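*Asks:* Listed below, chain by chain, are the residues.
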Amino acid sequence: MFTTGLLLVLVTMALALIRALRGPSLFDRILAVNMFGTSTVLGIAVLGFVTDRPAFLDIALVYALISFITTIATLKYFEYGSLGHGRRERDSG
Amino acid sequence: MALLLDVLSWICLVGGGFFCVVGGIGVLRLPDFFSRLHASGVIDTLGAGLVLFGLLLQAESLDVALRLVLIFFFLLFTVPTATHALAKSALQGGLEPEVDDDGGASSNS
Chain E
1 MFTTGLLLVL
11 VTMALALIRA
21 LRGPSLFDRI
31 LAVNMFGTST
41 VLGIAVLGFV
51 TDRPAFLDIA
61 LVYALISFIT
71 TIATLKYFEY
81 GSLGHGRRER
91 DSG
Chain V
94 MALLLDVLSW
104 ICLVGGGFFC
114 VVGGIGVLRL
124 PDFFSRLHAS
134 GVIDTLGAGL
144 VLFGLLLQAE
154 SLDVALRLVL
164 IFFFLLFTVP
174 TATHALAKSA
184 LQGGLEPEVD
194 DDGGASSNS
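First to last, the sequence lines map onto chains E and V.
Counting in this note's numbering, the first sequence runs from 1 upward without gaps.
Counting in this note's numbering, the second sequence runs from 94 upward without gaps.
Bound conformation, chain E alone (with noise of 0.2 Å):
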């Protein structure tokens, strides 16, 4: 039951891989990274069940936020040109 699951998030996964190789634009390659973000975090919680180890639900769980939190650093660098200045850059610049 486990296994199918698993099975079928990993065909998930290979599909975002497929659209983040292919993507024409950046952002579909940001997409493609998210989606590959969240089905790694469901093939982790699913994996967690498969070998008894609740442990793996804390992985996920620090892991969905992660890749949130690396979706929006990378839109931020593309739309502003940088993730921001030090207090003496923007003093000094």
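Hints listed in this document are in silico derivations from the structure and should not be mistaken for laboratory results.
Bear in mind that the values here come from a model prediction, so they are computed numbers and not experimental data.
A virtual CB, placed ideally from N, CA and C, is assigned to each residue, including glycine.
Take the hints with a grain of salt, since some may be wrong.
Stretches of chain E that chain V covers, calculated by requiring three or more beta carbons in the stretch to come under 8 Å of a beta carbon on chain V [what the hints assert, rightly or not]:
1) 33 to 43
2) 71 to 78
On the chain V side, residues computed to face chain E include the following (Cβ under 10 Å) [as the list claims (entries may be wrong)]:
3) Met94
4) Leu106
5) Gly110
Some chain E residues well away from chain V (every beta-carbon gap over 10 Å; in silico) [unchecked claim]:
6) Ala14
7) Ser25
8) Ser82
9) Leu83
Go by the hints and put chain V onto chain E.
*Replies:* Okay, now just chain V, sitting in the frame of chain E:
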């Protein structure tokens, strides 16, 4: 009772996996970036929801169930924000959504 839980969680798990694959295929085949955003939303809401609910039925102890619910709520809050930020920066980045103005109701200005 246990059999019912097993059957129900099997259906939810495979159904969630199925919707994940449907979202993945949608992201591959849809022509425009903004319609692909919709397809990736299918995965996060329906796929993740069903898979996590299927796992919830199999959770033996309370803390495992609590963690699953917590994952689902984090996903529920973070993914729409990420999708919104993605769409906003895509619009500013110069991607135009394909709007077919064949004289339809929306474009008879």
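*Asks:* Could you run down the list of hints and mark each one as holding or not?
*Replies:* Verification of the hints:
For the stretch 33 to 43 of chain E, the assignment as covered by chain V holds, since 6 residues bring a beta-carbon within under 8 Å of that chain's beta-carbons and 3 suffice. With a cut-off of 8 Å between beta carbons, the stretch 71 to 78 of chain E has 4 residues touching chain V; three or more are needed, and the interface restraint holds. Here the hint on methionine 94/V is broken, as its CB sits about 17 Å from the closest CB of chain E, past 10 Å. Checking leucine 106/V against chain E by beta carbon gives a least distance of about 4 Å; that is within 10 Å, so the hint holds.
With 10 Å as the threshold, the beta carbon of glycine 110/V comes within range of chain E, its nearest partner Cβ sitting at about 3 Å, so the hint holds. Look at alanine 14/E: its CB is around 8 Å from the nearest CB on chain V, not clear of 10 Å, so calling it non-interface is violated. A Cβ of chain V approaches the Cβ of serine 25/E within 10 Å, the least distance being about 6 Å, so the stated non-interface status is violated. Here serine 82/E stays apart from chain V, with its beta-carbon at least about 14 Å from theirs, past the 10 Å limit.
No Cβ of chain V comes within 10 Å of the Cβ of leucine 83/E; the nearest lies about 14 Å off, and the non-interface call holds.
Hint check: violations occur at hints 3, 6, 7; the rest are consistent with the structure.
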